[in-house]
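Peer 1: These are the residues of each chain, in order.
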Amino acid sequence: MIAAMRFQLAGYARSTRALHPVLALALLLAIMFSGPLGGTPAQVRSGALTTLGDLAALTFPICAWAARGLLDTEPDAQRHIGVVTLGGWRAMACGPITAAAFTACLALVASAYPLAEAVRSGIQASVLLPAVALMLLSALAATALGALTSRAIIPSPGWSVLVLLGVYVVDLLLGLGPLRVLTVPMIEWMGAAGRGASTFTSGLPWFALRTLAWAALAMVLYARLRRTRP
Amino acid sequence: MQFNQVAFRYRRRAPWVLHDVTLTVPRGRIIEVNGRNGAGKSTLLRLIAGVVPPGRGRVAGRPSSTGYAPERFPAEQPFTARAYLGHMAAVRGAPPSRVGEWAERLGFTELLDTRLPDLSKGSAHKAGLVQALLAAPGLLVFDEPFAGLDARTRTALPALLAELASEGSSVIVSDHQGDLRELPGVMRWQVAGRTVTEGDLPEEHAVVEVVVPRSEAEDLVTRLKADGYEARCR
Chain A
1 MIAAMRFQLA GYARSTRALH PVLALALLLA IMFSGPLGGT PAQVRSGALT
51 TLGDLAALTF PICAWAARGL LDTEPDAQRH IGVVTLGGWR AMACGPITAA
101 AFTACLALVA SAYPLAEAVR SGIQASVLLP AVALMLLSAL AATALGALTS
151 RAIIPSPGWS VLVLLGVYVV DLLLGLGPLR VLTVPMIEWM GAAGRGASTF
201 TSGLPWFALR TLAWAALAMV LYARLRRTRP
Chain B
1 MQFNQVAFRY RRRAPWVLHD VTLTVPRGRI IEVNGRNGAG KSTLLRLIAG
51 VVPPGRGRVA GRPSSTGYAP ERFPAEQPFT ARAYLGHMAA VRGAPPSRVG
101 EWAERLGFTE LLDTRLPDLS KGSAHKAGLV QALLAAPGLL VFDEPFAGLD
151 ARTRTALPAL LAELASEGSS VIVSDHQGDL RELPGVMRWQ VAGRTVTEGD
201 LPEEHAVVEV VVPRSEAEDL VTRLKADGYE ARCR
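In order, the protein sequence lines correspond to chains A and B.
Going by my numbering, the residue at position 202 of the first sequence is 202; the numbering climbs one at a time, nothing skipped.
Going by my numbering, the residue at position 175 of the second sequence is 175; the numbering climbs one at a time, nothing skipped.
Hint data in this document are derived by calculation from the structure and do not stem from the laboratory.
Be aware that one or more of the hints could be misleading.
Stated by the list, open to error - Estimated spans, in silico, between C-beta atoms of each pair:
id	chain 1	residue 1	chain 2	residue 2	range
1	A	GLY87	B	ALA151	34 to 40 angstroms
2	B	ARG13	A	ALA125	45 to 51 angstroms
3	A	LEU174	B	MET187	57 to 63 angstroms
4	A	ILE31	B	ARG152	55 to 61 angstroms
5	B	ASP118	A	HIS20	42 to 48 angstroms
6	A	ALA116	B	ASP150	58 to 64 angstroms
7	A	GLY87	B	LYS121	27 to 33 angstroms
As the list claims (entries may be wrong) - So, partial list: chain A residues that the calculated Cβ filter (under 8 angstroms) puts toward chain B:
id	residue
8	ALA3
9	ALA10
10	ARG14
11	SER15
12	PRO75
13	ALA77
14	GLN78
15	HIS80
16	THR85
17	PRO230
Here the structure is a predicted model, which is why all the values come from computation and not from measurement.
Beta carbons are placed, not taken as given, at the ideal position from N, Cα and C, and that holds for glycine.
Work out the full structure: start from the sequences and follow the hints.
Peer 2: Structural data, given as structure tokens:
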């Protein structure tokens with residue numbers, strides 16, 4: 001399984017597909033960090049937390065795109081060879097796990113600057129660690145969406161991108177209304193991060209639970225669909 | 001390995017591609033799968049290899065190590081042949097030296113450092129065969145393995161398959177061109193009418209006109225009938 005993951009990652013890294021989300025992330029970070037996070041240490045602490053909350057939501061489609069790209073790098077016939085070589089379940093799990101590792105790296109790269117600024121301004125680890133956890137959970141849910149829109153599930157590239165972006169937009173819109181419990185709570189965690197450390201920290205278990213549940217349901221759906229779509 | 005009343009279709013409500021297929025894949029034998037285009041040969045091979053699960057019925061007893069070479073090798077991958085096969089050997093838990101051994105046997109050694117997208121169709125096909133052979137599989141499934149191969153490899157491949165079968169592998173090969181005809185002990189499966197039958201299809205008949213003097217006609221018809229042919233005088 002490790003060798004298969006290394007194979008997939010090597011194929012992705014050697015293709016130009018990996019550059020697309022990396023460039024998109026670089027552009028996002030350049031825009032977000034074009035100015036300082038704040039003047040005083042208190043402003044930097046608050047700014048860093050708000051930025052991490054925003055980043056966890058804004059990197060979501062980039063991570064989903066990266067996961068989709070990684071899974072789609074493998075040609076269909078190679079995926080079939082993988083199913084025979086590894087066995088159905090391991091072959092099905094291998095791609096999303098590799099993609100989750102890659103998107104986790106993207107999330108950590110994205111959060112490096114605000115984390116460094118937050119540490120310099122003296123923010124407590126008890127606030128920092130939940131923010132990092134949120135970034136990783138967001139990357140996990142995004143990976144599940146990327147897997148659900150990969151070519152094995154949606155063969156048409158046009159429909160696949162439409163579904164990926166559509167789910168993201170619908171998630172944000174639903175997050176504003178009474179059906180927010182069904183969403184990856186991006187709107188809510190952005191709001192909580194903006195209101196301060198205590199609100200954010202107290203809300204995190206609920207955000208984490210919902211994000212994990214969303215990712216788990218998406219992966220169950222992916223696994224079910226992959227049974228008949230090798 | 002057993003197929004018990006297996007049926008398969010690609011989508012719900014689509015017509016069945018294969019239906020009510022009951023088969024036994026014997027160990028240590030070569031099986032040639034024949035049938036016209038679109039009859040379902042590749043689908044049958046995918047079911048045997050485990051690429052797709054049956055829609056109905058049951059497949060049991062598939063060997064744990066299976067090698068599968070698809071009809072078209074996926075050459076659009078950003079690796080040299082050596083790097084790709086090295087990765088595949090690692091995935092299969094085979095020693096890296098196997099890559100060189102099989103490449104040598106299939107006349108592929110000089111092309112190991114060529115990028116996969118730069119390989120010709122036949123050479124890419126060889127890469128597909130090598131990856132399938134890396135882990136001493138108990139079941140080998142080759143979809144049109146002779147297509148695009150050079151004459152030397154084409155001649156050598158049947159003996160190589162026979163060797164693998166003699167070591168206990170079940171070798172299943174779809175073949176349009178009859179490259180296994182000369183090999184003794186090959187079982188044949190016909191895919192037709194959404195099912196699979198063992199044995200050759202009845203041979204097609206041809207009409208041969210022979211013009212002879214009328215006085216010899218009766219005698220010739222009698223002799224031809226004695227030889228088992230259907231003959232009549234007009």
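Peer 1: A separate judgement is required for each hint: does it hold in the structure or not?
Peer 2: Against the structure, the hints:
Taking the beta carbon of each, GLY87 (chain A) and ALA151 (chain B) are about 37 angstroms apart, inside 34 to 40 angstroms as hinted. Separation of ARG13 (chain B) from ALA125 (chain A) is about 57 angstroms and departs from the stated range, judged on CB atoms against 45 to 51 angstroms. Taking the beta carbon of each, LEU174 (chain A) and MET187 (chain B) are about 59 angstroms apart, inside 57 to 63 angstroms as hinted. Taking 55 to 61 angstroms as the suggested C-beta distance range, the pair ILE31 (chain A) and ARG152 (chain B) conforms, at roughly 60 angstroms.
In this structure the supplied range 42 to 48 angstroms is violated for ASP118 (chain B) paired with HIS20 (chain A), their Cβ-Cβ distance being about 24 angstroms. The supplied range of 58 to 64 angstroms is met by ALA116 (chain A) and ASP150 (chain B), whose beta-carbon atoms lie about 59 angstroms from each other. GLY87 (chain A) and LYS121 (chain B) have their C-beta atoms about 30 angstroms apart, which keeps the hinted 27 to 33 angstroms range intact. Taken as an interface hint, ALA3 (chain A) checks out: its beta carbon lies about 4 angstroms from the nearest beta carbon of chain B, inside 8 angstroms.
Because the smallest distance between the Cβ of ALA10 (chain A) and any Cβ of chain B comes to about 7 angstroms, under 8 angstroms, the interface hint for this residue holds. Among the interface hints, the one on ARG14 (chain A) holds; its C-beta lies about 4 angstroms from the nearest C-beta in chain B, closer than the 8 angstroms criterion. With its C-beta approaching chain B no nearer than about 5 angstroms, SER15 (chain A) sits inside the 8 angstroms limit, and its interface hint holds. Interface hint at PRO75 (chain A): satisfied, since its Cβ lies 4 angstroms from the closest Cβ of chain B, which is below the 8 angstroms cut-off.
A distance limit of 8 angstroms between C-beta atoms decides the matter here; for ALA77 (chain A) the minimum to chain B is near 4 angstroms, and the interface restraint holds. A hinted interface residue such as GLN78 (chain A) counts as satisfied when its beta carbon comes closer than 8 angstroms to some beta carbon of chain B; here the least separation is about 4 angstroms, so the hint holds. At about 5 angstroms, the closest approach between the beta carbon of HIS80 (chain A) and any beta carbon in chain B falls short of 8 angstroms, and the interface hint on this residue holds. Given hint, THR85 (chain A) at the interface with chain B, holds; its Cβ is 6 angstroms from that chain's nearest Cβ, closer than 8 angstroms.
At a threshold of 8 angstroms, the smallest CB-CB gap from PRO230 (chain A) to chain B is about 5 angstroms, leaving the interface hint in force.
When the structure is compared with the earlier hints, violations turn up for hints 2, 5 and for no others.
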